[in-house]
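Trainee: Single-letter residue listing:
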Amino acid sequence: GQSLEQPSEVTAVEGAIVQINCTYQTSGFYGLSWYQQHDGGAPTFLSYNGLDGLEETGRFSSFLSRSDSYGYLLLQELQMKDSASYFCAAPNAGNMLTFGGGTRLMVKP
Amino acid sequence: EADIYQTPRYLVIGTGKKITLECSQTMGHDKMYWYQQDPGMELHLIHYSYGVNSTEKGDLSSESTVSRIRTEHFPLTLESARPSHTSQYLCASSEGEGKGTDTQYFGPGTRLTVL
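Quick note, the sequences are listed as chains A and B, same order.
Under our numbering, think of the first position of the first sequence as 1, with each following residue one higher.
Under our numbering, think of the first position of the second sequence as 1, with each following residue one higher.
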């Protein structure tokens, strides 16, 4: 089976940098994805790490360390519109995703 | 831009009714999924399909059933709705190529309330 742990809530101010952590326990590991979901909206794909290291996409970066069973999503130059829930997710051998519990990010002015 | 649609967006229904939640995608994706999500909580996979005439149950046990007669269509049916079925139901699809990078595209969801 797979389980992914994330903090339930993070608060930061506009313009700041925030890091959302994800630790996982899996019977087979193929990589870590991140999804964003605004209240009342659908999850949307943000990034994927198949290998150790940092992947950068604009203001968002994602990091993976397989040896530590750990990854994080880094959001820079926070904007109010970044207030949302962020989910880490890991695929199993059949490519079915198991999602973490989600981290609710609140960006304050 | 993902093209995956769900209807209805909101549904309030009485106990014991039969309901079908519709999901369609125009991207030609082989894999489709149904998730159940309570407000502020994680997504739980309840059904998935690798292609036409292929359906499997997910990690979370569900009394619902699904069918996949056409590639683009993956409806979910509850034969007899109960208040415990009240939740948001999200449909998703993916190309089915490779592991991990198989990005899932989600529909807007159906928020179901059973009275």
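If you are wondering where the hints come from, they were derived from the structure by calculation, not from laboratory data.
The reader is advised that the hints may include incorrect statements.
Unchecked claim - Reference listing, derived: stretches of chain A covered by chain B, where coverage requires no fewer than 3 residues with Cβ under 8 Å from a Cβ of chain B: (1) 17-25; (2) 67-73.
Unchecked claim - To give an idea of the chain B side of the interface with chain A (calculated C-beta under 10 Å), a few residues: (3) Y48; (4) V52; (5) E56; (6) G58.
Just so it is clear, CB atoms sit at the ideal spot from N, CA and C, and this is done for glycine as well.
Trainee: So, for every hint listed, does it hold in this structure?
Mentor: Hint check results:
no.: 1; hint: 17-25; verdict: violated (count 0)
no.: 2; hint: 67-73; verdict: violated (count 0)
no.: 3; hint: Y48; verdict: holds, 6 Å
no.: 4; hint: V52; verdict: violated, 18 Å
no.: 5; hint: E56; verdict: holds, 9 Å
no.: 6; hint: G58; verdict: holds, 7 Å
Violated hints for the displayed structure, listed by number in ascending order: 1, 2, 4.
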